[in-house]
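Q: Produce the complete structure using the sequences and hints provided.
Protein chains: 2
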Amino acid sequence: MSHQNLGSGSHHHHQTSSSTRCWRNNTALFGAIMLSIMRAAFASNAGHHVLGDASTNVLSSIPRRKRLTIDSISENLKTMEYAVRGKIAIEADRITQELHNQRKGISTSGVKFPFDHIVYTNIGNPHAVGQKAITWPRQVMALLQLPDALGIDHPNASQMFPEDAIERARSMKQALEGYGIGAYTHSKGVRQFRMDVARFIERRDGAEPGSIDIENIFLTAGASEAIVMLMTALIKDSSCGIMTPIPQYPLYSATLDLLGGHKVGYYLNEESNWGLNMEELERSLADAEAKGINVVGLVLINPGNPTGQVLSSDEVKDVVMFCARHNIVLLSDEVYQENVYREGDAFFSCRRAADEMGLIKEDAIQLCSFHSVSKGVHGECGQRGGYVELVGIDEDVNEILYKLAASKLCSNAPGQAMVSLMCNGPNPGDVSYESHVAEKRAVFEGLKERAMVMSKGLDSIPGFSCQPATGAMYCFPSVQLPHGVVEASKELGFSPDTLYALDLLQSTGICVVPASGFGQKAGRYGFRTTFLSPESRTVVEKIRDHYEQFCSKY
Amino acid sequence: MSHQNLGSGSHHHHQTSSSTRCWRNNTALFGAIMLSIMRAAFASNAGHHVLGDASTNVLSSIPRRKRLTIDSISENLKTMEYAVRGKIAIEADRITQELHNQRKGISTSGVKFPFDHIVYTNIGNPHAVGQKAITWPRQVMALLQLPDALGIDHPNASQMFPEDAIERARSMKQALEGYGIGAYTHSKGVRQFRMDVARFIERRDGAEPGSIDIENIFLTAGASEAIVMLMTALIKDSSCGIMTPIPQYPLYSATLDLLGGHKVGYYLNEESNWGLNMEELERSLADAEAKGINVVGLVLINPGNPTGQVLSSDEVKDVVMFCARHNIVLLSDEVYQENVYREGDAFFSCRRAADEMGLIKEDAIQLCSFHSVSKGVHGECGQRGGYVELVGIDEDVNEILYKLAASKLCSNAPGQAMVSLMCNGPNPGDVSYESHVAEKRAVFEGLKERAMVMSKGLDSIPGFSCQPATGAMYCFPSVQLPHGVVEASKELGFSPDTLYALDLLQSTGICVVPASGFGQKAGRYGFRTTFLSPESRTVVEKIRDHYEQFCSKY
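These protein sequence lines map, in sequence, to chains W and C. Counting from 1, one number per residue, gives the positions in the first sequence under the UniProt record's numbering. Counting from 1, one number per residue, gives the positions in the second sequence under the UniProt record's numbering.
Note that these hints are calculated values from the structure, not bench results. Be a bit skeptical, because a hint or two may be false.
Heads up, the list lumps identical chains together, so a pair's fine if it works in one copy or across two of them.
Said to hold, decoys possible - Calculated pairs, EDC-like style, for lysine to aspartate or glutamate (alpha carbon to alpha carbon, straight line, at most 20 Å):
| id | residue 1 | residue 2 |
| --- | --- | --- |
| 1 | Lys173 | Asp153 |
| 2 | Lys236 | Glu315 |
| 3 | Lys132 | Asp153 |
| 4 | Lys263 | Glu81 |
| 5 | Lys236 | Asp71 |
| 6 | Lys66 | Glu399 |
| 7 | Lys403 | Asp257 |
| 8 | Lys553 | Glu487 |
| 9 | Lys448 | Glu177 |
| 10 | Lys78 | Asp237 |
| 11 | Lys66 | Asp394 |
| 12 | Lys361 | Asp164 |
A: Quick look at the structure:
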């Protein structure tokens with residue numbers, strides 16, 4: 001039998017590469033004949049895993065090496081890190097599963113934890129820590145899922161849905177060209193929904209009504225998808241780099257890793273509530289250029305993540321002007337624009353800054369502004385709705401981005417609908433208007449209170465320092481770690497604050513993200529925690545108690 | 001005033017690069033000082049676009065070149081093509097808009113079209129051509145959007161929703177850990193939903209219940225996202241290539257372009273209903289390897305897109321064995337697995353082939369199988385739900401993919417829910433069971449009939465040849481084009497079948513995709529059309545009449 005030609009005398013699972021290579025040199029015809037023989041060997045094999053002699057021989061001729069292994073993967077993809085769902089979060093998931101098994105009586109580990117659930121403060125995921133969805137948009141979303149006769153036209157619809165939700169769903173179904181949310185939309189998103197975004201931005205920024213062209217708006221699966229798209233367009237090759245704050249939201253560093261671009265860090269100033277320092281921006285750019293890096297973009301996160309600060313209009317104007325002067329594309333992450341808590345503070349968009357300085361009219365700025373339904377007061381993370389508005393981006397570049405979006409067909413239509421509803425809520429006078437505003441207000445006030453509780457509470461712990469969280473959803477305290485921790489973590493091969501966070505998790509069930517995952521000055525240690533959990537007060541006390549024990553342990 | 005240092009004497013909008021370079025050499029401190037001065041210039045400028053002398057001078061110092069231009073974009077991204085939403089589709093959109101404007105009386109073009117709407121047969125988007133959503137999954141989806149008190153627990157819920165939809169929504173809400181669809185899910189997707197997928201695959205393939213590990217299933221935004229993820233992991237560098245059928249679905253070529261990998265084509269055999277030819281697979285691989293290409297994967301699309309063929313179990317086994325022998329990762333696009341129309345044909349998965357040949361047990365195959373809610377009889381394209389099942393992929397590679405998924409947080413939760421509902425419909429005996437099955441059957445029978453109407457109709461046109469569409473949603477006829485067309489298209493700079501498709505669109509309103517967008521043998525011309533439209537009969541007649549006129553024109 002010709003299987004002997006195939007080196008099937010060898011029964012080692014890991015064949016040598018030379019025998020594989022021998023295979024490769026066979027002619028096409030020979031391969032085809034062999035396949036027929038092999039297939040014949042299996043023809044009588046109706047059951048599973050029941051192999052006769054012939055097929056065993058065939059199987060033994062097949063290389064057991066694997067093509068796709070950890071070693072076959074690009075360095076860029078391997079290098080890429082994403083701390084928010086990293087080591088600590090994975091351990092937290094493992095413990096959750098273990099607690100679940102213990103409750104069901106199917107655990108065999110025998111491990112006992114001094115808590116009965118994990119408090120996930122590692123990620124800005126409001127609904128997962130008890131925040132309720134705002135009602136009205138959800139009623140419209142439900143009606144969008146229902147066929148007309150069973151939804152907007154159902155005789156009993158008004159018993160379950162308010163009139164203004166029914167009417168809005170009706171007009172959105174028209175905007176969906178009558179196809180409903182089961183059809184692919186325009187690859188940039190439904191035109192009418194993009195119009196809702198345009199009018200929202202114009203109102204927010206006091207811009208001329210109708211001045212924003214919907215062709216410059218792309219609806220995307222959360223802001224993340226838009227960010228990756230723009231970075232893909234910006235990073236031409238490995239000489240390119242993008243300025244990102246330190247600390248930063250790790251999607252930026254992860255995407256730069258993946259695309260093979262340089263991370264050009266600029267430090268935020270912790271002492272001035274994570275403020276911007278224009279000298280530091282100039283330093284960062286000059287240093288990068290001295291190294292031959294082609295700095296193509298700058299990421300600004302305002303309100304800050306993980307740092308929670310809110311920039312003044314002057315600070316925003318400074319950054320915008322910096323980008324204009326240096327001809328750098330400004331990637332403006334404004335997903336926390338509704339999350340501004342301190343009296344007197346107000347969100348001021350990069351777009352508005354550029355507009356007021358005449359840079360838009362003069363076509364002297366390139367700006368991409370990102371927003372999302374995941375944050376604010378809706379917190380609709382799971383719906384994956386977001387947008388990017390492009391300012392000063394040439395039409396031919398826009399077309400490249402459109403092509404990229406088209407290759408993925410479109411972002412999910414329900415997420416697009418949620419963006420529309422966030423940008424365009426019920427109107428004053430509508431039956432749901434008052435309750436809608438009240439619900440949003442209640443969520444906002446809750447966030448505002450917990451921001452204070454958490455940041456003041458953490459700041460009051462001896463050894464901790466925490467800037468006031470005036471925006472976003474996070475506190476980013478620094479934590480003094482005993483020398484023993486630094487030594488011990490070295491041996492374990494991870495950062496000192498990872499060791500701290502792991503100990504905190506295993507002792508208290510509180511899941512935070514080590515600050516090292518976001519970047520920080522050398523020698524600083526700390527973590528990021530959200531202040532979303534209604535347990536925030538308890539969380540602070542547990543962190544306080546644990547820290548004392550932790551320090552005494554080392 | 002120090003703005004004179006900035007070359008503001010020049011009022012040209014396009015500054016020379018030397019003046020820009022001069023900027024770059026300024027020290028960080030100087031830059032910071034300048035920013036203060038610039039900001040001061042704008043401080044009194046409350047309105048928009050109203051610039052005083054000082055600010056005009058500042059603006060004139062800003063470079064008007066742009067950082068992000070068509071020239072600054074990577075060749076890979078520029079090269080990337082995606083025909084399904086390419087030239088013809090864009091022209092169709094333009095005409096749709098023009099027709100809309102004409103109806104509203106706001107068109108000034110004066111162009112008259114001999115049709116009143118575009119028939120979009122360019123894309124497998126069933127709901128956009130009149131297919132209705134299957135009711136029951138939509139009822140569950142609606143309830144998932146509603147807060148409990150307004151949905152599953154609402155006193156009037158049973159007047160609008162069947163009991164089994166309410167109960168399913170209740171259990172899915174539990175599977176969402178009580179957070180609802182507004183929370184980020186596990187980055188691989190909700191565990192229970194992945195379990196639904198696993199049980200679905202086991203039933204479909206006659207595999208042992210419980211044999212599929214949900215850790216090997218990722219829920220994604222349609223199959224597209226999963227395909228891009230896997231290709232990202234496979235293409236380590238520009239030496240890598242992936243075998244793709246010719247013709248193929250252009251997402252594969254587009255993604256290979258973007259990642260900088262080689263497209264290693266293998267021809268399908270049109271004469272045998274686009275059948276596979278194992279000699280051709282061997283030829284393709286040998287040729288690529290002779291060129292030094294590291295062939296890491298092979299894409300199999302079954303049922304075929306754009307070609308509509310259904311492979312026999314023997315053919316599937318041949319391809320699986322080919323990949324096993326050559327240690328190539330098999331990317332198995334099985335999104336049309338429900339769309340098999342011919343008596344006697346049946347979908348046979350690559351997974352099942354591998355299982356029956358003992359390759360899974362022996363860990364001798366690497367296989368990634370993709371599925372989607374967009375096709376089949378649901379046609380829920382806009383929901384963007386899909387999955388990939390990994391077979392024989394190492395745990396450390398799985399973790400890299402998990403990290404990649406985590407960087408985008410999660411796919412949209414409603415889309416995940418739709419995957420669960422597709423894999424796990426109402427149970428026999430449930431109140432909706434009979435009507436659900438009947439609705440699915442009706443959609444299927446409609447597709448089956450139109451597949452016949454369209455493929456036979458096109459094949460009967462003199463000059464056309466069309467293989468029977470036994471699966472999927474497409475016909476892919478070849479069309480003889482007069483020599484004059486080939487000449488004319490050369491001058492216009494696009495393919496002859498693009499010229500044909502453009503003429504067809506402008507003459508009849510029928511939007512097809514030129515076959516050149518999918519790949520075909522040199523000298524062959526044709527197009528892809530879906531057979532989704534209820535107007536399929538008329539479409540065939542219009543194509544027939546147009547072809548006659550078109551040929552006589554050239």
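Q: Each hint should be assessed against the structure and marked as holding or not.
A: Consistency of the hints with the structure:
With identical chains, the CA atoms of Lys173 and Asp153 are at most 20 Å apart within one copy only, with a shortest distance of 12 Å there and 26 Å across copies. With identical chains, the CA atoms of Lys236 and Glu315 are never at most 20 Å apart, being 30 Å at best within one copy and 42 Å at best between copies. Taking identical chains as interchangeable, the C-alpha atoms of Lys132 and Asp153 lie at most 20 Å apart only when they sit on different chains, with a minimum of 16 Å there against 28 Å within one chain. Within a single copy, Lys263 and Glu81 get their C-alpha atoms as close as 13 Å, which meets the 20 Å cut-off; across copies the closest is 29 Å, which misses it.
In this assembly of identical chains, the alpha carbons of Lys236 and Asp71 lie at most 20 Å apart only when taken from different copies (9 Å versus 25 Å within one copy). In this assembly of identical chains, Lys66 and Glu399 lie within 20 Å of each other by CA distance solely across copies; the values are 16 Å between and 39 Å within a copy. In this assembly of identical chains, Lys403 and Asp257 lie within 20 Å of each other by CA distance solely across copies; the values are 13 Å between and 23 Å within a copy. Taking the closest pair of Cα atoms, Lys553 and Glu487 come within 20 Å of each other only inside a single copy of the chain (13 Å); across copies the shortest separation is 83 Å, beyond that limit.
Taking CA atoms no more than 20 Å apart as the test, Lys448 paired with Glu177 passes in neither setting, with 40 Å inside one copy and 26 Å between copies. In this homomeric assembly, Lys78 and Asp237 come within 20 Å of each other (Cα to Cα) both inside a single copy, at 18 Å, and across copies, at 13 Å. For the identical chains of this complex, Lys66 and Asp394 are inter-copy neighbours only, at 9 Å across copies versus 45 Å inside a copy, given an alpha-carbon limit of 20 Å. In this assembly of identical chains, Lys361 and Asp164 lie within 20 Å of each other by CA distance neither inside one copy nor across copies; the values are 38 Å within and 58 Å between.
Hint compliance for this structure: hints 2, 9 and 12 are broken, all remaining hints hold.
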